[in-house]
Amino acid sequence: MKKIESSKAPKAIGPYSQAIQTEQLLFLSGQLPIDPATGKLVASEIRIQTQRVLDNLEAVLNEAHLSFKNVVRCDVFLKDLNDFAAFNEEYAKKFNQSIPPARQTIQVARLPMDALIEISCIAILSA
1 MKKIESSKAP
11 KAIGPYSQAI
21 QTEQLLFLSG
31 QLPIDPATGK
41 LVASEIRIQT
51 QRVLDNLEAV
61 LNEAHLSFKN
71 VVRCDVFLKD
81 LNDFAAFNEE
91 YAKKFNQSIP
101 PARQTIQVAR
111 LPMDALIEIS
121 CIAILSA
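With the numbering used here, letter number 86 in the sequence shown gets 86, and the count goes up by one each step, no holes.
Simulated from the structure, these hints should not be mistaken for laboratory data.
Where hints are given, some of them may not hold.
Stated by the list, open to error - So the derived label-pair ranges between C-beta atoms look like this:
#1 67 <-> 47: 15 to 25 Å
#2 37 <-> 99: 28 to 38 Å
#3 88 <-> 62: 16 to 26 Å
#4 14 <-> 38: 15 to 25 Å
#5 104 <-> 16: 14 to 24 Å
#6 112 <-> 62: 35 to 45 Å
#7 86 <-> 22: 15 to 25 Å
#8 126 <-> 82: 35 to 45 Å
#9 22 <-> 47: 25 to 35 Å
#10 80 <-> 126: 29 to 39 Å
#11 99 <-> 14: 29 to 39 Å
To be verified - In silico DSSO-like links for lysine-lysine, alpha-carbon gap of 27 Å or less:
#12 93 <-> 40
#13 94 <-> 8
#14 2 <-> 79
#15 11 <-> 94
#16 8 <-> 79
#17 79 <-> 93
Everything numeric in this text was worked out from a predicted model, so none of it was measured.
From the three backbone atoms N, C-alpha and C, an ideal C-beta is built for every residue, glycine too.
Build the full structure now, drawing on both the sequences and the hints.
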């Protein structure tokens with residue numbers, strides 16, 4: 001196993017790694033809409049928060065020399081499923097390949113730092 005860490009994504013706020021690489025897979029921990037420069041949440045609007053989360057995930061993927069094309073599964077946690085359509089539009093901008101990853105989206109009561117969204121991913125090392 002190998003720890004993957006990007007300075008372009010927020011540091012972990014607990015005892016976990018940004019990502020762990022195995023022989024064939026990269027497991028990305030859930031990313032929150034935290035600006036890595038400030039360590040604070042971005043504006044409390046689902047589109048802005050979704051963009052930040054995806055940018056954070058992309059930074060970690062890039063650190064492992066991967067992209068969204070390598071992602072095979074995403075787990076999405078939304079504070080409010082009424083935000084699903086707006087989230088989905090932003091998500092589709094990054095995952096615009098012909099075969100998008102498998103995904104589940106779950107409404108949760110609360111997320112760390114009172115974020116509106118968190119996304120974790122699994123990527124394959126060879127696409």
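Inset, instruction - Sort out whether residue 8 lies within 27 Å of residue 94, counting only the CA atoms. - result: With a Cα-Cα distance of about 17 Å, the restraint between residue 94 and residue 8 holds, given a limit of 27 Å.
Legend entry - Whether the CB-CB distance between residue 104 and residue 16 falls inside 14 to 24 Å: holds (20 Å)
Inset, instruction - Note whether the CB distance of residue 37 and residue 99 lies within 28 to 38 Å or breaks it. - result: Hint holds: Cβ distance 34 Å, inside 28 to 38 Å.
Legend entry - CB-CB spacing for residue 62 and residue 112 relative to the 35 to 45 Å hint: 24 Å Cβ-Cβ, so the 35 to 45 Å window is violated.
Inset, instruction - Given the hint of 29 to 39 Å, check if residue 80 and residue 126 actually sit that far apart at their C-beta atoms. - result: Since residue 80 and residue 126 have Cβ atoms about 37 Å apart, the given range 29 to 39 Å holds.
Legend entry - residue 14 versus residue 38 beta-carbon gap, inside 15 to 25 Å or not: holds (19 Å)
Legend entry - Pair hint residue 8 and residue 79, alpha-carbon separation not exceeding 27 Å: Holds, at roughly 25 Å.
Legend entry - Proposed proximity, residue 79 with residue 2 (alpha carbon, max 27 Å): Violated, at about 32 Å.
Inset, instruction - For the range 15 to 25 Å, tell me whether the beta carbons of residue 67 and residue 47 fit it or not. - result: For residue 47 against residue 67, whose Cβ atoms are near 22 Å apart, the range 15 to 25 Å holds.
Inset, instruction - For the pair we were handed, residue 79 and residue 93, check the Cα-Cα distance against 27 Å. - result: Holds: residue 79 and residue 93 sit about 21 Å apart, inside 27 Å.
Inset, instruction - With respect to the beta-carbon atoms only, verify the hint that residue 126 and residue 82 lie 35 to 45 Å apart. - result: holds (38 Å)
Inset, instruction - Evaluate the given range 15 to 25 Å for the C-beta pair formed by residue 86 and residue 22. - result: Between residue 86 and residue 22, where Cβ atoms are some 34 Å apart, the hint is violated.
Consistency note: the structure conflicts with the earlier hints numbered 6, 7 and 14.
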